[in-house]
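Peer 1: Residue-level listing of the chains:
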Amino acid sequence: MTMSEKINYTKAFEELQQIVEEMEQGEITVDELSDKVKRATQLIKICKTKLRSTEEDVNKILRELQSSDDDR
Amino acid sequence: MEKYSSGICTFREIIWMNSDFYSRKVFSLFDITILIQETIAIGFPDTYWIKAEMNKLNHYPHSGHCYPDLVEKRDGKVIAQMRANLWRDDYHRINDLFTKIVKEPLKNGIKILFLAQVTFRPEYGLALRIIDIDPSFTLGDIEKEKQETLRRLKQKGIYDRNRELQMPLLPQRIAIISVETSNGYADFLQVLQGAKESWGYHFFHMLFPSVLQGEQAVEQIIFRLNQIRQVIRHFDVVAIIRGGGGDVGLSCYNHYDLAEAVACFPIPVLTGIGHSTNETVVEMVACENAITPTKLAEFLIQKFHNVSVPLQKAEETMHDMAIEVLDQSKEQFLSEVKLFRSVAIGLLSGNNHLIRAQAQALSTHTKLLISKAESDVELRHEGMKKEAVEVVSRAKMKLENYQKSISILDPVNTLKRGYSITRLNGKTIRSSDEAKKGDQISTSVFDGRIFSIVDKTDKMK
Chain A
1 MTMSEKINYT KAFEELQQIV EEMEQGEITV DELSDKVKRA TQLIKICKTK LRSTEEDVNK
61 ILRELQSSDD DR
Chain B
1 MEKYSSGICT FREIIWMNSD FYSRKVFSLF DITILIQETI AIGFPDTYWI KAEMNKLNHY
61 PHSGHCYPDL VEKRDGKVIA QMRANLWRDD YHRINDLFTK IVKEPLKNGI KILFLAQVTF
121 RPEYGLALRI IDIDPSFTLG DIEKEKQETL RRLKQKGIYD RNRELQMPLL PQRIAIISVE
181 TSNGYADFLQ VLQGAKESWG YHFFHMLFPS VLQGEQAVEQ IIFRLNQIRQ VIRHFDVVAI
241 IRGGGGDVGL SCYNHYDLAE AVACFPIPVL TGIGHSTNET VVEMVACENA ITPTKLAEFL
301 IQKFHNVSVP LQKAEETMHD MAIEVLDQSK EQFLSEVKLF RSVAIGLLSG NNHLIRAQAQ
361 ALSTHTKLLI SKAESDVELR HEGMKKEAVE VVSRAKMKLE NYQKSISILD PVNTLKRGYS
421 ITRLNGKTIR SSDEAKKGDQ ISTSVFDGRI FSIVDKTDKM K
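One line per chain: the protein sequences are A and B, in this order.
If you're matching positions, the first sequence starts at 1 in the working numbering and goes up one per residue.
If you're matching positions, the second sequence starts at 1 in the working numbering and goes up one per residue.
Same shape as in the complex, but just chain B:
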């Protein structure tokens, strides 16, 4: 290629190019293309069912025709490719049926099973003319992609990640991924606005605009999710809202990348995509899915109700209970007071009675004691008197006895009876030994003394 593009040929080459210029059979381009056309018409007389990936649909709105690029890949490498024609009328017929069944229009990047005729036109070249497309094949393929997405999410263990996030008690700050002009977005905001007017519920919402269906949706929604992630502390939930778009163009919600981004999002993702077909994977992995944007807004309002109603009730309960507790306590207190009073009175009167009885007993006993003491004293007095006389008489008798004994002992009485006392020098002589001849002795008798001199002493044997 480089050689020709350089535009410079050697002399030898010029000679060679011209050597058999006139001896060759030369076709015009048209001739040769006619020949090819005939050959192909003979070689491929029938129509064929072919399966391929439609890399590009290449729909030209002006003419209404499509020129799809068809490829077959193996291990990610293109092993065959061919251009196709889908003429306007065929396109409309096929696309209508296809959209009705697959819920997606014909678009880039889908696998199709189509009926085609191999055509060759001199002016356009080789192409497959698509006569019909079997939508069920694509449907199966889309379902397969959905199943594959689900399988991968589950295998990675992220399928339940967003679903298991706790919905905030008050999902108040909403990051909305939607289109400003979409009916769904308008419905959603209208319901929230209604909640503000009816109940004073205040939502904060901010729109992160994105295409919501078709091929670009995957990339755009993921981009918006990443943006929200940067300001995530301002939001409680993310709501993906789409409405009024019918059931077409939703296969983006089965795309693995988008499903993963939603499943792994750190705050609850809510979906209100609004369609009647089977749930898409994104809706399945979202924390909460509502069938329409309106229902989603109602769900959020319900969350507010769930809080507001108990609040209201708490207020009432608080009031009622406080009064009840006070009343109860008051009643209890009053009944305690009553009880106390009656018990106190009972106690007092009982004690009063007792005291009176005691006083009575006391006075009775006192009187008794006194009278007893008096009689005792009386008795004692009598006894004492008797006793005193006795004591005196006894003493008298004793005294008389003593007197008698004493008088018996008086020596005078002895002397009177004829006894005498002999003394020598004043000393009483009791033995004959005490006096000797010549001693002057005195003998005392009852009425005087006799003086004598001892003649002799004699000792009795």
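Bound conformation, chain A alone:
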């Protein structure tokens, strides 16, 4: 999986919480550890990026508003 994957913020956060919980409860084996940590780091990155950015473009929204007005 890559950073560009389209994962819903809420889903990412939930998955992250689950991994942390598993770790805290010592349910992670050394075999899984590397994968889980990798995944968790990725999720943290996704969440943090989302916290610090939005992709919305005012102009796009205004155009959409314009076109929906025209439809009427």
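In short, the hints are calculated from the structure, not lab data.
Heads up, a few of these hints could be off.
Cβ-to-Cβ under 7 Å is the rule here; a few derived chain B residues that face chain A [stated by the list, open to error]:
#: 1; residue: Met167
#: 2; residue: Leu170
#: 3; residue: Arg173
#: 4; residue: Asn226
#: 5; residue: Gln230
#: 6; residue: Ile232
#: 7; residue: Thr317
#: 8; residue: Met321
#: 9; residue: Gln332
#: 10; residue: Phe333
Model, not experiment: these values are computed from the prediction.
Glycine included, every Cβ here is placed at the ideal spot set by N, Cα and C.
Fit chain B to the supplied structure of chain A, relying on the hints for placement.
Peer 2: Same frame as chain A, but now just chain B:
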């Protein structure tokens, strides 16, 4: 009416109009209005408490006077209407008190209980001069409207609809309904900007301008909500923000249409209307209500914190836990290795010991076995020797016995003792029947033969 407006009269009509032109008592308009004025003054000498709906306030800012249109409706139909006067000084006094109590200024479309004098002025006609207005009546009416709105929302089952929407984990994209110049809007944006500078939280917001109080607010806010609905996928929440407007003009937020639009909005609606009076219906049905725009922005930032803090913690936990798990495993592994080594050594030495003991036993037993075998062999050898001698002597004895028996049987020995063998033609004669007179027979004795001829045979009886 049409007849007169057509401007054309028939000849007959002209005659009729002129027939008693000089015989009638004719009043000037002024005369008649004076008469009416006097009659009214006599007929309505007092002041009266009247309740009515103020359809229009008709306030003229230049003169400061108001000319309210008063109506009474029954089943939606106007059954009475009248003009009123509210003079400038009365207006200021009454409006100040009214606004203080009702939290709304005098405005179109409210029900009022007022004290009035019936007046008639020749130049202006009939009017009620408003001397006082009882604000508590209107307050009750407004409260009634609020209660009615609540009742209808609950009856329709939409009261909780927006409140029950799940607030997004990250309410990041905000459609703001506010006024660009409002202090509340500025406060709100300032707090969000602060969050960006302090924590790097990025909000996206877009203003949908609308009047936020007074009569036009209902229609304008609903219009903006509908607009937002068209681009709803770009937004997480809607924020209705008003600030710096005091407590006046908020009854629009109790209006059923607006309350319904908010309650039924598909994404959470947040309100930061900023006032100190009782919650309005819109605030009650909104998913989240903050008392001021600043508090609303803080609420949103808190939502970001709620996510950011666990993230931070997750990062730390991840790091700590990974190290802990590794350390633990390493420790476990090392102790396993230690245990393995000691067990292995123990096993080896134990086995070594056993093997040595076995070897010892083996050699001992071997020696024993060999010596036993040797003595056995020795014994056997002796026995064999004895046995062999015995066998030989036994055989010798047997042989001697045989010899004796054999010698006894030898015919020579028998012949020696006087026995002889008689043969005829070489054949041994055992019976007297076998020879007859004249037969030449030979008799063998110990040391030779005697030849004779048979004289006679005699058979023993």
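Peer 1: So, for every hint listed, does it hold in this structure?
Peer 2: Quick rundown of the hints versus the structure:
1. Met167: violated, 11 Å
2. Leu170: This hint holds: leucine 170 of chain B lies near chain A, its Cβ roughly 5 Å from the closest one there, short of 7 Å.
3. Arg173: holds, 6 Å
4. Asn226: Violated. Min distance 10 Å.
5. Gln230: Holds: closest Cβ of chain A sits about 4 Å from glutamine 230 of chain B, inside 7 Å.
6. Ile232: violated, 10 Å
7. Thr317: holds, 5 Å
8. Met321: Because about 4 Å separates methionine 321 of chain B from the closest Cβ in chain A, which is inside the 7 Å limit, the hint holds.
9. Gln332: violated, 10 Å
10. Phe333: Violated. Min distance 9 Å.
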